[in-house]
Amino acid sequence: MKGVDAGAVNDFFLIICGIWVMFFKFGFTFVELGKTSGSNTANIIFKNLTDTFITLMAYWLHGYAFAFGEGSGFIGSKYFLTLGSPNLCHFFFNYARCAVATTVALGAVIERTEPIGYLISSYVFAGFVYPIASHWVWDVHGFFNPLQSKLPVQDYGGSGVVFLVGGTVALVSCYVIGARIDRWTPTFKQREHNLPLAALGASMQMMGFIGFIIGARYQITAPGEGQLAALCVLNILLAGASSGLYGLILQRLLKSYYDVDCFINTTIAGMVTVCAGANSYIPGISVMCGATSSFFYFIMEWLILRNKIDDPLHVISIYLGSGVWGLIFAGFFSAQGTLGGTDKIIGNNLLAVVVLFSWTVAIMHPLFYVMKYVKVLRIPRFMEKQGVDKFRHDKRHPLGKRKEFKLIKPH
Amino acid sequence: MKGVDAGAVNDFFLIICGIWVMFFKFGFTFVELGKTSGSNTANIIFKNLTDTFITLMAYWLHGYAFAFGEGSGFIGSKYFLTLGSPNLCHFFFNYARCAVATTVALGAVIERTEPIGYLISSYVFAGFVYPIASHWVWDVHGFFNPLQSKLPVQDYGGSGVVFLVGGTVALVSCYVIGARIDRWTPTFKQREHNLPLAALGASMQMMGFIGFIIGARYQITAPGEGQLAALCVLNILLAGASSGLYGLILQRLLKSYYDVDCFINTTIAGMVTVCAGANSYIPGISVMCGATSSFFYFIMEWLILRNKIDDPLHVISIYLGSGVWGLIFAGFFSAQGTLGGTDKIIGNNLLAVVVLFSWTVAIMHPLFYVMKYVKVLRIPRFMEKQGVDKFRHDKRHPLGKRKEFKLIKPH
Amino acid sequence: MKGVDAGAVNDFFLIICGIWVMFFKFGFTFVELGKTSGSNTANIIFKNLTDTFITLMAYWLHGYAFAFGEGSGFIGSKYFLTLGSPNLCHFFFNYARCAVATTVALGAVIERTEPIGYLISSYVFAGFVYPIASHWVWDVHGFFNPLQSKLPVQDYGGSGVVFLVGGTVALVSCYVIGARIDRWTPTFKQREHNLPLAALGASMQMMGFIGFIIGARYQITAPGEGQLAALCVLNILLAGASSGLYGLILQRLLKSYYDVDCFINTTIAGMVTVCAGANSYIPGISVMCGATSSFFYFIMEWLILRNKIDDPLHVISIYLGSGVWGLIFAGFFSAQGTLGGTDKIIGNNLLAVVVLFSWTVAIMHPLFYVMKYVKVLRIPRFMEKQGVDKFRHDKRHPLGKRKEFKLIKPH
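Residue numbers (the working numbering), protein chains in the order written: chain U, 1 to 411; chain C, 1 to 411; chain W, 1 to 411.
Same shape as in the complex, but just chain U (with noise of 0.2 Å):
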């Protein structure tokens, strides 16, 4: 019998993990397709693609480095283009995670974004302000890694991390880009396009999760590892079922009817609140969070529309509101044994909730301001009205086309 390498296994482990998350991430694209109008869709296969290429290189020559070379408990310093780094799966599958923040971030502009102006916040994001997030949580010199400083902080997959610094981008983007033509009219119409597809990703999304939250403890094989993972895998399906199911029968009592993107939705947001302590919840924890979650996505909803934030896809409610309560819900029910007492963690998931939402703000807020400013954010009224397709990419949708006009005119 041939000896087997321990680190070879894990790296196997990991690139595998790495290929689910890239799945999770292929799996928004279809969500957005399905979601938007037909004639956006060359638009948002440029935008999905370029995301995933602009973020590989700017993890790769410096979002990398920033966030797990070493350094201090502020920014990494080491690993520049991969040089130097120990271990090329851990880059492989941290990148995958920056792909799915980058999508997140930038999922809630569609139908009304330049081109160009998706390129620069990509890069941006995946190349200062994830890196930089990820640094301060997940790295060992991070100054709120649970492992060694002194303001541990309980997020084990990244609600905190991943999902609420991508929800807040989603939402300053929003907040700057504003609403599309006429949303707030009350003639108008959420343009669903194509059901199936968003049915797709939604499935995509449900199994990258799998991998995406196993991946989190970068190992696998020494003893017990393999129960982790598994319990892990139940708390997200668990999780996601319960607020799946429990926003279900919410939106039933408030409707006449199954409100299926709504079911679709709260199944997400349950799996992404479950993240920061997956690995800690027993599964009725799990069961509750879930609901709890459900529960908070409709406040979440209620907010954005009151105060009247154009959001097509939900990305604010399902991400940044999962996200917020991901960790504050870590911060009460997590394990205690390693981290020392709840009232420390509570207070310290609350002080990341803070603190990754200010600096996720103060970076793209001005970034956005400055672009739309220069005039590279928004399309101009006219192409709005017809879908990006025609004018960005050259793509006439005849039959799009028309069933869209017959939606704006009114006005």
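A hint or two may mislead.
[Unchecked claim] Straight-line Cα separation of at most 16 Å, EDC-like style, residue types lysine to aspartate or glutamate; simulated pairs:
| id | chain 1 | residue 1 | chain 2 | residue 2 |
| --- | --- | --- | --- | --- |
| 1 | U | K390 | W | D394 |
| 2 | C | K390 | C | E114 |
| 3 | U | K375 | U | E114 |
| 4 | W | K390 | C | D259 |
| 5 | C | K390 | U | D259 |
| 6 | C | K255 | W | D394 |
Derived by calculation from the structure, the hints in this document are not laboratory data.
Starting from the structure of chain U, add chains C and W where the hints point.
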């Protein structure tokens, strides 16, 4: 060189296989979406996501306990809510198989069923019918278990436990709920909706089948396990290929064109059939298994049509028919060494066919009948004509709807 | 701690990689579906499923034996029907790569080919042409094998063996079968059908490429193998990203819009190019490899158009062009340690380009020519105008058909 824990690597293996089984399960969603009318799109997505989660809840609460919680030969009695369960990966993989069985079971009554009817039958099936059936064959305490019972049954991958049981529900549900409106009028046309989606679903099923069959062994780290897994993969693929190609030839002899739907159906049928003995056939036997399976599929189709059973997705022929044939074929052709003599196995496998079929009918038939009686089973006539989406999910599909009307109007 | 068998874990690794290669293969189906007219949908699904299975049969019966059955430097001669084969995982993974090659090979003649013509050429390609070519480079007995032949060729991942060979068939088939009706009239429009499906296919290809490249090593358990695999992943992604982004810039300089199709094509081209040396490039070289590959793609496109070769999916530019450039690039830039001196490799790699190209032409050109002569190659003119589906698969696409007619009518 650090040590590698065998248990942890097996857990890793089982989680990955489980994800592919979920991939299989979601594949079925897209087959359904692709083969039904556009005015039931939201309903089908709703059905498939809810059954994923209802199944999870039912299986977690008591299904897994009934299936693998030791206990008697008939039913298990430990590990409710996975409490005390020594292996959560085992839970996850078996949950995924249960989800496949559920989706097969409820696949035959699309386009004419109330949402609430789905939810109830999913729960009963995933919480009682399937777990108890799987206990008999796959738990070491089960009375059909090949390892230590006196009635060893050869069903390695689930031709019987998953597909025969699921397919039986499909038959029962079709029988109770009846055909779609105008199904047996001469002008009825199968309202095909989206062939690429059906192809996507079928591709997902084929890839998922690989995880489904290799995971059935629950382990990979011992010498020889890798080759056994590879043999299963080869057998699944060869059976699918031979069944599909033979079905194509048979069908081409009957008609003047190449029927893609029939080709896909026979392919899946071949894979279902070979499951029962995929671990013990030599590749040549699998080719034969596939070809006979294809023949059996045509007989089933003929019987179904002759008896005027309306099964839009051919679930009964593909899964019930092939499940039965798979158990019979395994009774004759699977390796004899471990089980002790051909005569015994074929007898036991035939008995298993009868027992599994009767058990499923005994529970599900009264359930469907009661649901029909209290009117939560079939949607009203006008809803069926216009599509469930409009009434139960508040989705209008202007294009799809118009097309439907054209096809239905003549009556 | 129980022992873990290295062989079994490698088998596990190879099966998982093989599934991802199948994912790649099915991805090509959706690219085809997305980029062709709706009136050939069933035909394309038919083509892709049959070639999956015809390839399996041919490869199982004798293809694998010719490729890896020891034998002479030219052809192997053992393991027919996998009998006596010591490693079935090796068979599965190589079958999956063969299926990718087949699907590439027959991807250029869609919309105008008889089903029977596909079947015959799939069989010949997967049973003879590809296996023998792969024997030369990848079997230790092959005369181009880097391990022990006198003509070591650097083709780690298959730029030459899989993509150059497949792409050559595409060129030959286009040349023999000729352009689509009216292709070179000024009013011809590429009948684009479904951009989201094309994006789905491209995403599947990108994810599948990761399994495709890491599996090429056949093992993972030895120390260092995990990092080698990660290097391959990084190189594939960087080459794809740099090729895609550089292609986007090049294309944007030529036109006033962002061309999503071209972006996807150059991305895949970059990944194809880097395959040949993905195990030995440092990441910076991969970025350069991608960028040059993008440039090479534009030259190929110009050549193809200039020579009036009608290749609806750009198979020749993407796969043949990048395959050639990949072997040349690897000849110059791959690590020299193991192979002994730059001059030698570049010479051998150039020789391999010529030999692989000539071999494929020598077998496939006569075959296509004979098929054309006996009229099983091209569908009749009226069928092509109305779409193959209607005549060969009994599928009518009322919507799609009408759209087609509008585009074709002017002539």
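Evaluated hints:
{"no.": "1", "hint": "U:K390 x W:D394", "result": "violated, 35 Å"}
{"no.": "2", "hint": "C:K390 x C:E114", "result": "holds, 13 Å"}
{"no.": "3", "hint": "U:K375 x U:E114", "result": "holds, 9 Å"}
{"no.": "4", "hint": "W:K390 x C:D259", "result": "holds, 11 Å"}
{"no.": "5", "hint": "C:K390 x U:D259", "result": "holds, 11 Å"}
{"no.": "6", "hint": "C:K255 x W:D394", "result": "holds, 10 Å"}
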